[in-house]
Amino acid sequence: MLFRTDRRKHRPRGGHAAVELALVVLLLTFLLLITVDFGRLFYSYVTIGACARNGAIYASSSPNSQQQSPSYNANVTTATTTAAQADGGTNLSPLPTVAAPMYNTTYNGTYTMTAPPTPVGSADGYVQVTVTWTFNTIVTYPGIPSTMNLSRTVKMRLIPN
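Start counting the sequence shown at 2; every next residue gets the next number (this note's numbering).
It should be emphasised that the hints constitute simulated quantities derived from the structure, not laboratory data.
Honestly, I wouldn't trust all of these hints.
[To be verified] Straight-line alpha carbon distances no greater than 25 Å define the calculated SDA-like cross-link-like pairs of lysine to any residue that follow: (1) K156 <-> T133; (2) K156 <-> N109; (3) K156 <-> A75; (4) K156 <-> Q86; (5) K156 <-> N76; (6) K156 <-> T135; (7) K156 <-> A100; (8) K156 <-> L28; (9) K156 <-> A116; (10) K156 <-> T113; (11) K156 <-> Y112.
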């Protein structure tokens, strides 16, 4: 009889392992989603930086001698969004917003000129291109906004002609 009582006390409990596994899988899935979202955020920020750099290269290598025309700004936008459209246009959708290039005679000054400094073709000026894009997370996390505005500004010296 004593042997039979001990057997009831030490009966195997298989349900505990299943509950523990469910909790661990839930936690690991949440950590995986956070990792994927952080990777997407980092990748998007690097792509935005490449877009701004492309626009600054184009704007610094081909400044107009006239006032900046809408077609010139469209060309800068096209050069800027090239990185966003790489690999079949899957990098950033919708395409980022590109501000019109701004010019200045000094690197650290306020970029307010819409035309390159004169004389055109001299390397005495700098261009600034700003690109912005809205990032959306896969999952809404508590305490973290589901949309984040990414912005990247690149300043570059004008290339002499």
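Hints, verified against the model:
At roughly 15 Å between alpha-carbon atoms, K156 and T133 fall within 25 Å of each other, so this suggested pair holds. Using a Cα cut-off of 25 Å, the hinted pair K156 and N109 holds, with the two alpha carbons roughly 9 Å apart. Between K156 and A75, the direct Cα distance comes to roughly 19 Å. Compliance with the 25 Å bound is thereby established for this hinted pair. Between K156 and Q86, the direct Cα distance comes to roughly 22 Å. Compliance with the 25 Å bound is thereby established for this hinted pair.
For the proposed pair K156 and N76, the alpha carbon gap of about 18 Å is at most 25 Å, so the pair holds. Note on K156 and T135: the hinted pairing holds, with a Cα-Cα distance of about 22 Å set against a maximum of 25 Å. A distance of roughly 13 Å separates the Cα atoms of K156 and A100; the hinted pair therefore holds under the 25 Å criterion. Distance hint between K156 and L28 is unfulfilled; the C-alpha atoms sit about 43 Å from each other, more than 25 Å.
Distance hint between K156 and A116 is fulfilled; the C-alpha atoms sit about 15 Å from each other, no more than 25 Å. Of the supplied pair hints, the one linking K156 and T113 holds, its CA atoms being roughly 13 Å apart against a limit of 25 Å. In summary, the hint linking K156 to Y112 is supported, as the alpha carbons are separated by about 10 Å, within the 25 Å threshold.
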